[in-house]
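Peer 1: Numbers in our numbering are just positions in the sequence shown, counted from 1, shifted up by 70.
Just so you know, the hints here were simulated from the structure itself, not pulled from any lab data.
Beta carbons are placed, not taken as given, at the ideal position from N, Cα and C, and that holds for glycine.
One thing to keep in mind: the hints can contain errors.
As the list claims (entries may be wrong) - Just the calculated beta-carbon pair ranges, DEER-fashion:
1) N328 with E125: 20 to 30 Å
2) T266 with E232: 40 to 50 Å
3) A221 with T268: 55 to 65 Å
4) A116 with E290: 14 to 24 Å
5) R281 with L180: 13 to 23 Å
6) R166 with G219: 42 to 52 Å
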Amino acid sequence: MPVRRQARPDAGATSLTWPSGGRHLWPSGGGSGAQAHARGHLVYAARGVLVLHTESGTSIVPANRVAWTPAGSTHRHRAHGETDMRIVFLSPSLARLLPGRPAVFRVSGLAREVLLALTGPRGGGHDDEDGAGAGVDGGDGGGAVPGYGRAASGRLLRVLVEELREADEQPLHLPHPRDDRLRAIEQILTRTPDDTTTLAGLGRQVGASARTLSRLLRDELGMTFYEWRTLVRVHHALVLLAEGHDATYTAHACGWANPSGFIAAFTDLVGTTPGRYRAGG
């Protein structure tokens with residue numbers, strides 16, 4: 071897969087980039103075009119919600135999660151709510167300690183502070199000549215973070231990676247199925263998350279039995295239809311909450327008959343209630 075230079079950010083974004091990482095302030099609805107980098111990188115939403123699309127699936131990155139994208143993976147970002155995106159690039163030696171596929175991790179308090187330190191005011195980062203410095207460097211990636219010496223930068227990055235290695239991967243990565251029938255159902259669920267049609271009913275629309283679809287879901291995604299649809303709905307719920315909608319509206323818009331069922335499912339996947347999530351807790 072060719073590694074392309076980072077696309078210029080959305081015209082509404084404010085960007086500060088340097089070889090080791092950067093910061094993008096996105097307006098709601100802003101985002102990047104398809105891009106790939108020579109080094110793997112972490113993205114963190116200090117505010118707002120990021121949706122990260124890769125060839126293997128879609129990840130939701132709320133403020134208590136960090137997403138990992140390996141080197142060479144084509145991806146694009148989209149912001150929901152006013153979003154403060156932080157990005158940290160890793161050297162190959164550190165990248166090897168993380169999965170060889172896109173992943174989402176819960177952010178510990180220490181990891182969060184390290185991410186903010188590496189990308190915050192002390193960084194004093196600078197725009198490079200074309201505003202795309204974060205994606206251009208194809209070398210080792212071991213340079214110092216602006217504002218920190220090489221040794222201090224290395225220590226901070228190692229602490230960050232060790233914290234992520236200790237963290238559990240989070241079920242906020244929604245894998246894309248390969249089978250055309252499942253892809254058709256994915257489009258239906260994504261377009262209308264409040265659709266309550268059974269798997270058998272959806273199967274009639276795409277020309278497959280519920281049994282066949284269940285087997286495909288198990289083989290391709292490792293989950294049941296209920297688990298898959300719940301994950302799709304929670305993805306949509308995170309976006310609606312970031313855009314300012316309350317839990318009651320979000321519950322009904324995402325297919326739950328009552329808010330209590332939504333709150334339970336949301337809390338199970340995200341680790342906090344919708345109310346606390348909206349409040350930034």
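Peer 1: Would you list, in rising numerical order, the hints stated earlier that this structure does not obey?
Peer 2: 1, 4, 5, 6
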